[in-house]
Amino acid sequence: EPEVTQTPSHQVTQMGQEVILRCVPISNHLYFYWYRQILGQKVEFLVSFYNNEISEKSEIFDDQFSVERPDGSNFTLKIRSTKLEDSAMYFCASRPGATGSYEQYFGPGTRLTVT
Amino acid sequence: KQEVTQIPAALSVPEGENLVLNCSFTDSAIYNLQWFRQDPGKGLTSLLLIQSSQREQTSGRLNASLDKSSGRSTLYIAASQPGDSATYLCAVSPHNQGGKLIFGQGTELSVKP
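First to last, the protein sequences are chains A and B.
In case it helps, the working numbering puts the first sequence at residues 4 to 118.
In case it helps, the working numbering puts the second sequence at residues -12 to 100.
For reference, chain B alone in the conformation it holds in the complex (with noise of 0.2 Å):
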């Protein structure tokens, strides 16, 4: 059964800081990566995707690598800014017929002014 865990849960930096945010996932047969960005109480905005076949993904400020055989991804944020306060969730889909999303339990991020 496929886990995806992310970590660390909670993160606090300075304005300005770059950082990377984990997510490992336990079987290596996915299809894709999804980065999702969650305010609170909101619904969820999607960031980056990554195909299984491909190694990075870059917008803008952020860049998502995957290392499928390694069961790893991360997301690297350059620059934060307070705006980049919010939950950041990994999700893996294990096959592309339907295409079901499993979640980890998102980090926590605060950028402090």
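Next comes chain A alone, as it looks inside the complex (with noise of 0.2 Å):
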């Protein structure tokens, strides 16, 4: 069964320092999303992306966040620099187009720690 997949699964960063986390969508997804989870907290939406473009994004995504699709297959976040505050799970999701289901898929995530 088609998965999303993420990489890597921790990341551990010094404050300051830009991060590039990686997911792989189910391929034949067009929608994409990025959400965060901080310890003991709720998982909170960061962004959404269709058609190579940000369709909507929270307060949380500040200009230290950017999201890219470089190439068919992946889906980036970038943290240019990081916050202490920045450490949670951060978790990209897919789902299909809109003649298709609206569940959306998550990946396994990716433990950011930032020191």
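Because the hints were derived from the structure by calculation, they are not lab data.
Glycine is no exception: its CB is placed at the ideal position from the N, C-alpha and C atoms.
Listed below are several chain B residues computed to face chain A (Cβ distance under 10 Å; list not exhaustive):
1. Leu31
2. Lys87
3. Gln92
4. Gly93
Heads up, simulated DSBU-like pairs for lysine-lysine below, C-alpha to C-alpha not over 30 Å straight-line:
5. A:Lys45 x B:Lys55
6. A:Lys81 x A:Lys45
7. B:Lys29 x B:Lys(-12)
8. A:Lys60 x A:Lys81
9. A:Lys60 x A:Lys45
10. B:Lys29 x A:Lys45
11. A:Lys60 x A:Lys86
12. B:Lys29 x B:Lys99
13. A:Lys60 x B:Lys55
14. B:Lys(-12) x B:Lys55
15. B:Lys(-12) x A:Lys86
16. A:Lys45 x A:Lys86
17. A:Lys45 x B:Lys99
18. B:Lys29 x A:Lys81
19. B:Lys(-12) x A:Lys60
20. B:Lys29 x A:Lys86
21. A:Lys81 x B:Lys(-12)
22. B:Lys(-12) x A:Lys45
23. A:Lys60 x B:Lys29
With the hints as a guide, dock the two chains, each given alone in a separate frame, to form the complex.
Here you go:
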């Protein structure tokens, strides 16, 4: 069964460093998402991406964040200058296009630790 | 602003019991509602999706209902098993464009053998 994959599973970085989290969505899906979950808190929406552009972003998704789909398979989240409060589990998700199911499929997550 | 609340925060039951998890949302203008399972330190596994026009969905021992007008959904788990132990998350999508999900804080379920 097709699944969303994410790399790395765990990333440790120092405050102020740039990180890139990578995701490979399910191959025929057209909508892509990033969410994050700070330890002990709710899963929070960051950004949605469709047709090679951001369709919606949350207040969390400020100028320090960016997303890119550099080729036909990868979907990346970049944090330019990490802060301690960026430590969280980051989940990528995808779903089919408008004529398909609205069910979102999540990857296993990347645990980001900022020291 | 849409808020999603799940009650109870934690639940412990003996194996074999039927149980109900509750989810409420403040704005009834949703496009769909999705239930997920999350194991400790792991990703989210989709269990059921209910469109706003539907009243319920079933998958195996799971049955999810939706009462959009009252802002409530329930997840019914029949004949619970220790393998059902996990955190169950409810999430609503406010609209079909983009389709972001707004999550509740989850119910941590423990099924004792």
